[in-house]
Structures are given as structure tokens and as C-alpha cells.
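Given these sequences and hints, build the entire structure.
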Amino acid sequence: MPSLKDLRVRIRSVRSTQKITAAMKMVAASRLRRAQEQAEAARPYALRMERVLGSLAGGMVGQPGAPPLLAGTGKDAVHLVVVATSDRGLAGGFNATILREARRRIRDLDNAGKTVKILTIGRKGRDSLRRDYSRLIHDSLTEIGRRRVSFEEARDIAARVLALYAAGEFDVCTIVFNRFRSAITQIVTVQQLIPFAPPASDAAAADLGGAVYEFEPSEEEILGELLPNNLAVQIYTALLENAASEQGARMTAMDNATRNAGDMIDRLTMNYNRTRQAVITKELIEIISGAEAL
Amino acid sequence: MPILFELVTPEALLVSQEVDMVVVPGTEGNFGVLPGHAPLISTIRPGTIDIYEGAAITERIFVVGGIAEVTPERCTVLADDAMEPDSLDRGATEAELQAIEGNLPGLRDQAARAAGPERERLLLDLRQLEREQNVARAKLQAIAEIAR
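Protein sequences appear in the order of chains A and B. Following this note's numbering, the numbering of the first sequence begins with 1 at its first residue and continues without gaps. Following this note's numbering, the numbering of the second sequence begins with 1 at its first residue and continues without gaps.
It should be emphasised that the hints constitute simulated quantities derived from the structure, not laboratory data. Cβ coordinates follow ideal geometry from the N, Cα and C atoms, glycine included. Some hints here could point you the wrong way.
Interface residues of chain B toward chain A, partial, derived using beta-carbon atoms under 10 Å [as the list claims (entries may be wrong)]:
1) L40
2) I41
3) E69
4) L124
The structure is reproduced here in C-alpha cells:
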């Protein structure tokens with residue numbers, strides 16, 4: 001049976017843990033709001049880009065002149081897996097779900113006889129994957145979106161991927177990240193970046209009432225400009241979704257932790273009071289029986 | 001009858017308003033967009049977009065390239081980045097241009113001598129630098145136009 005002093009120390013320590021988790025929850029909540037706003041602001045561009053690409057790329061798929069970002073290299077031998085995680089932990093299952101999916105994918109590709117290369121974003125992904133797949137990791141980026149994710153960063157990552165692609169280092173590129181649904185649900189998502197799968201162009205065509213776009217300069221040139229940009233946008237969107245998911249997951253995890261700490265404090269306090277009463281009773285009995293013995 | 005003009009960058013929707021006419025700096029020359037324009041998709045070079053109400057320019061925005069999509073009712077500009085021409089600084093841009101032009105010959109030389117993947121990488125860098133050079137030049141031109 002722990003002594004009164006032990007219990008007091010214990011309660012104090014749990015209480016300070018609770019203070020920390022409550023503060024982390026508040027911070028995550030405000031960051032989540034900011035991340036959501038940012039994701040909201042980025043949506044119009046992505047939507048319109050998709051519309052333009054849909055009307056452009058729809059006719060290009062499968063044609064001999066299609067740019068390699070759209071048509072692929074014609075092979076399927078080397079896969080680049082971009083694993084987007086966070087730099088910091090204590091975010092519930094956020095990193096674990098991404099890493100589980102990434103591992104499953106790497107194993108599947110490996111079993112299918114493909115060569116896998118990994119590009120990790122975020123310290124957590126690097127640390128975890130380095131244990132099993134250190135020879136597959138092509139590069140690791142950390143400190144992405146430390147304060148807020150910027151398009152500049154997404155463009156830099158896209159430029160790296162494009163340079164690898166141009167050098168023939170891989171044939172297919174996918175990104176693994178968490179899509180934000182709500183603070184409680186995040187959906188781990190695997191998205192193919194290269195070759196780019198264009199969205200259906202029906203919506204764009206309907207919008208024009210059947211008229212056909214003129215292109216200036218040629219379709220190929222516009223696509224050549226648009227596709228690398230689109231890659232950056234896709235990565236940017238993934239990073240934003242990831243940022244919102246991370247804060248959402250952290251908020252939920254810290255909320256649970258705060259509640260658990262509260263429960264624990266209640267239990268310990270009850271225990272403490274019982275023990276205190278038992279001590280008083282014991283002392284009384286000792287006094288009374290001492291007096292009776294006289 | 002006005003036309004809906006939208007200007008979006010990857011980070012935000014900057015403008016979404018009804019205007020009488022916009023003049024967009026297309027890669028193959030400026031083009032004006034009035035309501036009922038034929039559907040068009042064009043790339044954009046660095047330059048200023050002019051928004052007209054009636055016959056007067058009410059707003060000018062500097063864009064650093066991107067793409068424009070025109071339909072009879074709408075003109076959407078997907079810009080890589082956009083800023084107010086007033087916020088451009090002449091001295092800083094000139095210094096930037098000078099730095100870029102100082103680096104260009106060396107990089108060109110390196111790219112010409114390199115081979116294989118290294119060459120690909122250098123060519124990408126080179127193209128990026130040339131793009132920045134164009135942007136800086138266009139900025140200076142925009143500043144000069146504003147001053148006039």
C-alpha cells in the first residue's frame with residue numbers, strides 16, 4: 001500500500017501532465033483551424049487546374065505525342081514512394097497509419113519484383129523507415145511546413161521529383177499521406193503522381209456547351225508547362241491535408257490524454273482520501289486502546 | 001454585360017469579380033477578353049494584367065506566369081504568383097537581375113560540358129534561372145509603366 005506522501009507526489013505529477021496535454025490540445029486546435037483555412041484557400045486553384053487539365057489531357061492520353069509526365073515511361077519497374085509524415089510525434093495514430101500503409105505498399109511492390117525507392121518527408125517517417133529500409137531511402141526531407149506549409153516548399157519537392165524523373169531514376173511515383181476528414185477521422189491515402197491520371201473531362205466539356213478550346217501556343221506546350229506545375233499543386237495539397245490531419249489527430253489524442261489524466265487524478269484522490277481516513281482511524285484506535293489499558 | 005474575372009494562385013483566390021474587360025499578357029502577345037470571347041487556353045508570360053471598367057483601367061496586377069482559361073462568360077487566370085505592381089521595388093529587382101545575369105554564363109558553360117543525369121539537372125537549373133531572368137525583366141518593365 002503506497003504511503004500518503006507517495007500518493008500526493010503521484011497526484012501532483014499526473015496533474016502537471018494533464019496541464020501539458022491540455023495546453024497541447026489548445027495549441028493543436030488553433031493550428032488546426034489555421035491549417036484548415038489554408039487548405040480551404042488552396043482549393044480554388046486546384047479545382048480550376050483540374051478543370052483545365054481535364055479538358056486538355058483527356059484527348060492526349062494514349063497518343064504518341066503525349067508528354068512523359070502524362071504517358072509514363074512505358075515501364076513499370078522502378079517505383080518512387082513519397083511518404084509524407086510529420087516532424088513531431090504525440091499525434092495519436094497519425095504517423096503510424098501512414099507508415100503502416102507505406103510499409104504494406106513497399107512490401108507488395110517488392111514481392112511483385114519491382115524496385116522501390118523511398119523519399120520521406122518528415123522526421124518521423126525517416127526515423128521509422130530507416131530501420132527496415134535504409135538502403136531503399138533515396139532522400140529524406142525534414143522541417144517541411146514547420147510554421148506553415150508554403151507553395152514554395154511544395155515546388156521544391158516537385159522539382160526534386162521531376163529531376164529524378166528526367167534522369168530516368170523511376171517510372172511511377174506515388175505519395176502516401178493522410179487526407180483530412182475531421183478532427184477524429186483521417187483517411188490514409190495513396191495517390192499516384194506520375195504518370196498523372198487526368199480527371200474525367202466531362203464536366204469541362206459540358207461547361208462549354210460543346211465548343212472546343214483554342215490553344216495558344218500548342219496543346220503540347222501548354223501541357224508541358226502545366227504538368228510540372230500540377231505536380232507541385234498535388235504535393236502542396238497533400239502537404240496541406242497532412243498538416244490539417246496532423247493537428248486534428250494531435251488534438252483528439254491530447255483531448256483523450258487530458259480526460260484520462262482527469263480520471264486518474266479522481267482515482268488517486270479517492271485512494272488518497274481513503275488512506276488518510278484509514279490512518280486517522282488507526283491512530284484513534286491506538287489512542288483509545290492505549291487509554292483503556294491504563 | 002460584364003464578364004467574370006478570376007485570379008487564383010496556389011495559395012489563395014485573389015480576385016473574383018465582374019469586369020468589363022481584362023487584358024492578359026499571353027505568351028504569344030497580350031490579348032483582351034470581352035464577354036463572349038471564344039474558348040481559349042493560353043500560357044502567360046510575366047507581366048501585368050489590366051482590369052477595365054468602361055474604358056479606364058481600374059486595377060493592375062503583376063503575375064509571374066501561369067495559364068489563362070477563357071470561356072464566353074469567364075476568364076480564369078491560374079497564376080504561379082501575383083502581386084501589386086506598387087509593391088515591386090526597383091532597386092531590389094535590378095540587383096536581382098544583375099545577380100541572375102552574373103550566374104547565367106557560368107551555368108550555361110557547366111551544362112554544355114556536363115553529361116548524363118548531371119547535365120539534365122543542370123539544364124533544369126538553367127531553365128529555372130532563365131525564367132527568373134524573364135520575371136525580373138518583366139518586373140522592371142511593369143515598374144517603368146507604372147511610373148509613366
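So, going through the hints one by one against the coordinates:
no.	hint	in the structure
1	L40	holds (5 Å)
2	I41	holds (5 Å)
3	E69	holds (5 Å)
4	L124	holds (6 Å)
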